[in-house]
Each structure stands twice: as C-alpha cells, then as structure tokens.
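Student: One letter stands for each residue in the lines below.
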Amino acid sequence: MKLKNWALLLAFGLILSVLAACGGGSSEKPSDNAGKGTEGTATEGENVLNFVNGDTIPSMDPSLATDEYGFQFLGTTMEGLYRLGENAQIQEGIAIDHTVSDDGLTWTFNLREDAKWSNGDPVTANDFVYAWQRAVNPDTGSEYGPYMMNGVIKNATAISTGEAPVEDLGVKADGDYTLVVELENPTAYFESLTTFGTFLPLNQKFVEEQGDKFATSSDTLLANGPFILKDWESTSNSWNLVKNDDYWDADTVQLDKMTYEVVKKPQTGVDLYEAGTVDRAPLSSDLVDQYATHEDYTVEPQTAMYFLKMNETRNEALANTNIRAAISRAFDKEAIVNEILNNGSLVANGILPSDFSRMPEDSPEAGTDFREVNGDLVTYDVDAALEYWNKGLEELGTDAVELELLGDDGESAKVMGEYLSNQLSTTLPGLTVTLKNVPFKQRLDLDSNMDYDLLISGWGPDYLDPYTFLNLFLTDGDNNKMGYSNPKYDELINATTTELATDNAARYENFLEAEKVLFEDAAIAPIYQKAVAQLVSPKVQGVIVNPFGATYEYKWASVGSAE
Amino acid sequence: MFRYILQRLFYMLITLFIIATVTFFMMKMLPGSPLSAEDKLSEEQKAIVLEKYGLNDPVPVQYLRYMGGLVKGDLGVSFAFDNTPVTKILMDRMGPSLQLGFQSLLIGSFIGIILGLIAAVFRNGAIDYTSTIIAVLGSSIPNFVFAGILQYVFAVRLEWFPVALWGGFEYSILPTIALMIFPMATAARFIRTEMVDVLNSNFILTARAKGISEVGVVFKHGLRNGLIPLITVIGPMAVSMMTGSMVIEQIFAIPGIGEQFVTSVTLNDYPTIMGTTLLFAFLFVVIILIIDLLYGLIDPRIRVSGGNS
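Chain order of the listed sequences is C and Z.
For the record, in the first sequence the residue sitting at position 84 is 84 according to the UniProt record's numbering, with numbers rising by one throughout.
For the record, in the second sequence the residue sitting at position 71 is 71 according to the UniProt record's numbering, with numbers rising by one throughout.
Honestly, the hints are just simulated from the structure, not real lab data.
Be aware that a few hints might be false.
Dumping the calculated SDA-like pairs for lysine to any residue here, alpha-carbon to alpha-carbon at most 25 Å [unchecked claim]:
{"#": "1", "chain 1": "C", "residue 1": "K441", "chain 2": "Z", "residue 2": "K28"}
{"#": "2", "chain 1": "Z", "residue 1": "K88", "chain 2": "C", "residue 2": "T321"}
{"#": "3", "chain 1": "C", "residue 1": "K154", "chain 2": "C", "residue 2": "N471"}
{"#": "4", "chain 1": "C", "residue 1": "K230", "chain 2": "C", "residue 2": "W248"}
{"#": "5", "chain 1": "C", "residue 1": "K213", "chain 2": "Z", "residue 2": "M246"}
{"#": "6", "chain 1": "C", "residue 1": "K264", "chain 2": "Z", "residue 2": "M246"}
{"#": "7", "chain 1": "C", "residue 1": "K116", "chain 2": "C", "residue 2": "N471"}
{"#": "8", "chain 1": "C", "residue 1": "K116", "chain 2": "C", "residue 2": "E191"}
{"#": "9", "chain 1": "Z", "residue 1": "K40", "chain 2": "C", "residue 2": "A164"}
{"#": "10", "chain 1": "C", "residue 1": "K264", "chain 2": "C", "residue 2": "W248"}
{"#": "11", "chain 1": "C", "residue 1": "K264", "chain 2": "Z", "residue 2": "F144"}
Please model the entire structure based on the sequences and the hints provided.
Tutor: The following block contains the structure:
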C-alpha cells in the first residue's frame, strides 16, 4: 500500500517535470510561427488583408442579426437589391433598376438573371419574398425585422403582431426576376433601406434544409455577395473571407482574402499592428496621445450622435424650457471631444450628424450637407446659459435645482458623466447634479421607464434619411421616452411620410424646420458626433465607410503598397 | 472507499442543484432583457419577441422548464449566439482556458514547491530571502501587469513569442507564464512556512539520527508533510485557474471561457450564464473531491474511509 502511494506521487512528480520541460523546451522555436495571420501575404500575387474584429459575430442570420458585426459580415458576403457605394451612392445589386408608381406605393424591381448563390442556385425574386416574410414572422423572433419593416412594407405591422398571415406581406414575385413591393406609406428612403442587412434575400430551400443550424457556421451559410465566409462558427475568434468567384460582379473584386481575429483590447490590437500581424487597429482614447503622430494614424468620422435626454415628466424643473435651454448651453463640448474622447469625435450642435444627409436634387441647396444648411442650433455659451437659467428659476420660483444624471458603464461614459455633472453644477448656480452610473442593460430599463432626469444617450442611423433621427422625438414615439411633445414638430415630421412623402425637396424643408423647433424647445442637448481613431496600413486601399448598415464596404477594396 | 465516493457524488448533485436554483433566481433579477436591440423596439414588439423565447412566463415556470431540460442534459440555446447550443459554447471556449490553467498550475506549483523547499532548507540565507521576495512580488503584483510587461518585452520588443491570438503551443507560453506567477508564489510561501516547521519536528530528528541522507529526509519525510496545507489551497486555486481569467484572455486575445462568462452576464444571455456557472460549480466540486482523496494519499492520518477496517 505504502509503495503504491509513493508510486502515484512519483508519477505525479514526473508529469510535473515533463510538463515543465515541455514549457522550457519548446520556447526556443516559436518565432517560426510568430507571423501567423500574415502568411497569406507571402503567397505571390495574393491580395490579402488582415484585420482585427472587436468581438465575435453573434449571428449571420439576416433576420436575427442586430449588431454591428452581424451586419458587417452579412453585407460583405451577401447582396440585397442595392449596395451602397462611395459617398453612400446607391449601386446596382441583385436589382438592376426599379420603377415607382405615381402614388409612391408600388416599387417594381428588375433583378439580374446572372446572380447565383454559392451552391449554384440562381438568386430569384422569391428569395426576397421568403426572406422578408421570415423577418416579420413572429415565429422567427426577429427584432430588426419588425423594427425596419413595420409601417414601411404593407401589412408588416399586422403580420408581426400575429394579426395577419405572412402571405399578406406587401412583397410579391412576378416571375423569377421581377419583385413587386407594396409600401404602407410612400417611403422616400426605401432605396437605401434595401441595402440593409434585414432586407437581404434568403434561399428558402437551403434555409429550411438547415433548420436550427442555419447560419451557425460557414457550412450552413450561403453567400451571394463579393466574399464567402470561411472557417467560422458562431463562437469563433477567427475566420476568413475569401473572394466569391461566382459573384455576378466578381471581376470588380480585387481582394482575394481577408483574415479576421477577435481582439477586444485596443492595446493588444496595436501591438499586433506594430508586429505587422494586422493591417488596421482601433485606438482607444488613452492610446491616441501615443499614436496621434504615427504616420498611419487616421480618424474615421462616423454617424452616431450622442446627446443628453432631458426627462420632462419626473422633475418639474426640466419641464421648463428655459431650464433645458440653459443646460444645453452650459457644458464645454470642445473639451469633451478633445480631452475626454480624444479620437477625432466632433462637437455636435444639432441632432443630424454632418456628412450624413445631403439636400435633395430639386431643392435650392441641392447637394449641400444638411448640417451645413441648418448650421449650429445650440452651442456652448455660458452667458446665454445663465440668462436662460435665471429666467427659468424665476418662472419656477426657486433658487435650487437638483438633478440626477444617468449614464452607463461604457468605456468613456463614466468620465463623461463626471465631466458633465461638474460643468453643469459649476456653470449654473443653484444646480446640483448627482451622477448615477449603471450597467448598460439597466440604463435601458431606466430609460424606457422614464426613471431619470438627465440621460447620456446615443443613436446611430438605420437608413439614409433625416427621418431616422427626427422620428425619435415624435410625441409618444417608441424612443422618445422623455415626455417631449410639440404638435408643430409632430405635424412637420409626420407630413414627410404622408402628404409630402413623394416631394423630397419639401420633406427636407420640413426636416430643417423641425430640427429648429426641436432646439427652440431645447428638447435635447447634443454632445458629440462619434469618430473612430485607428492605425490603418497604407496596404488597405479603397475601403468605403458606410454611414449606416455594414460599417465597411470591401467590394472595391484593394491591397496597396506596404510602404 | 467506494461507498464514500458514492456518498460524495450524491452530495455533489445536491450542491449543484442548490447552485443552479440560486443562480437562476439571482440572474432573473438582473435588469433588462436579453434582447440586443431593446433600445430600438416598442414595448409591444419586445413582448412579442420575449414571448417567442418563453421569457414572458412567470419566473418559477421558467425555472421548472430550465431544470426539466437540465435533468435531460439540455443546457438550452444561447440568446446572444443565435441558435448555438450552450454546450457547444462551453466546449469551444473551455479548451484554451483548461490548457492555460493546467499548464500554469502545474508549472507554477512545481517551481513554487522547489523555491519553497530551497528557501526552507537554506533558511535565513540569501537564497531564502530571494525566494521570499519572488513569492511576495508574485502574489502582490496583479497578473495583468505581468501579462502586459511580458507581452511588451518578449513579444513586441524581442519578438520571441507571438504578441497575442491563439494558435499552436507557442501562443500559450506568455499567458501561461503570466498566470503561473500566482500559484508559484502561493506554493513557495506555503511550502517554506510548513517545511521550516516540519524540518524542526522530532520525527525529522529521528530520521536524521537513523542516518538517512539529507535529501531523503527533506523529500521523503519533510515534503510529504509539508504538502498538506498547500493541497488545501490548490483545489480552489485550480478551479479559478481553469475557469479562465477574463483579463489575461483579453490581453492575449484568447477565446477562453472566463471572458465568455463575463460577456454573457452583461448581455443577459441567460442560458449561457447558467451553463458557465454550472460548469464552474461542477469543476469545483469535482476538484474538491479529488483533493480530499489526495489527502489520504499523502497523509495516511487523514485517510477517509477509516482505514481498511
């Protein structure tokens, strides 16, 4: 017995030393493989780019995808009716062109006949019918399907609430290559909606064959776009995109392959960039100082807007327009973008981002940026803030106001909250701001229950039209949740989807007017427009940054010289 | 012995049952829903989607449904990774964490034991102080600091190892070193303290008097007794090492389970939270059992079944 015990102990010790030896022994040769991920570039004539991705891809199912990465890789591997090109110009996709009926309600798309799925099946009108029906079918459990289609496609709302059969959806195939879409209201921006992930086609036979396994790995996916996703499972931390030779426009596609590795820490991404393993690395604000002078440093403006919501229902002070006007002028936005964010973000003085929406062709300012036309609607101005503040306090008959500022626990959210509460309480005498930081999910809860005074909120556009921002503040809108209501504002915005729906110039006049009303009422206090600072290798050429949907467009990308 | 193990397995089941129950109800108190676009949806639409996943039912009903599945070995389907079974997530993510945990625990405690032994044998000498300093530094400096330094020096500057990512064995070296510091320091401290005690006890004197060589005394009589307290702490430590470290996994971009666990909590991915918690709990109780059995192996005085009566 005793001997046996010793033998065991000895064996244990042996395992230990063997493992220790392994650890020591193999440490001599790993540099052979240090360049993993760049191996593709070594092959003569192969055009390969290597990227990091901020997280895994949670879903490649167009009906279920809700996040940045899902839409990114859907956009790269699939193609809908149209595709966004440079400057968000609509480019041919599966649809060659379309006609719109005079009432703006019926859109007839002519589809190309040479588009194929990666299993060889042709892409037909029925693929769109099936996909769109699936997206609004309550049995699918889609979040974005009803969000994007309700109120747009005929009968979508009734179907998504189970009150009508999916066959009633306003999308029909007329033969294999003609798609007829009936809309609920004339929708000026419908063309841009068709580029969005939720509107991608699906091969019915394939999806039904795969059942629950559909879109959980590369083997259970079909591509009809420029690239094919390889070596991917839903939990994968690395995957590849390879050129799809069966894509109808494969001649245009120059990249042979893109590799992706999930890297969540920006410092790690930068280290990999410096080691030459990846060709692009995002920078967090603490890394910007160190790399702002790097020759590959670039700032990429985006279209998400961040602003303070001011809840008019919980604290009587915030029901006062002068108080809100004071708050929206009382903090230094310049300091926020330069000191706290430090990544090229822009000061926001309106709710529409700059470089997002241009005035339509038949308007007097045709082609001018919406933001430029409407200018700065609310700026940092201490004197004006104090004037509004004193007027407001007088109206309220008080000299002290206590407000709670709610933020989440995101990267710079805490510092941002501290800064804002400090600025507000020092600029506005008698104002006490208490800061409350909660996890993101709880913030959403408190937001939808309107259980806050001030809230740091953000919004990214879902299609290419000012309506995606301005509908947020309609009376009782699903995302208003701050008790803002102005009949004039509602009238202006609602007219853009009803009587003015087919007159784009008039719609934009209404949008301009409505945005002014929004800030005359001081409904919200804009803070900044997001940008992303990154290191981008000169190898990465021709990548288009989209204002919504898939962040990057690689169809026209190429590999430049490394030096 | 066999009966004892059976009995312990029964208790393990009860423990797991209690953990599952408590976790389930605590998890349901988390704010928010698992919906990923909940800030964009109307209340009505939210309710429709939640209905589809059975999340509108009363919590006790959801609990019974979950436990029903659990008994059949069904951990459910993740909410965050659409249509992906939780078992698949656990299996995919457990590998790297297990490997790193195992490597760092074994190498770390092995080196730690050696350090502790040397320190005890040559106590109060230069070697002792050096080893003590290493041990104190190792247990007081957080491993992510080590990880950052290791990554910068050996990967970015010297380019001996890959900077990050997960590939072959060489990708595991730096994270293993970063992770092994803690078990190494712990082992060194425990072994030194205990060995100093043991080497001064009477039976060691007896052993020496019998003329056993010094090496024999230290390894055969000393170490065997000195190991007991270490084994007590090594169990929980082993579990925490094998269930992954979020920080280390993020620094080296490793697809491990520790990181996945934290992510699933922030996303309210209920099935994955339950799955990971239960997996960690299972590992814990199993390792505790192994440790209890090891006691007997190392020290016959604590033999569990009461000898072979």
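Student: So, against the hints stated earlier in the document, which numbers end up violated here?
Tutor: Numbers 2, 5, 7 and 10 - these are the hints that the structure violates, sorted from lowest upward.
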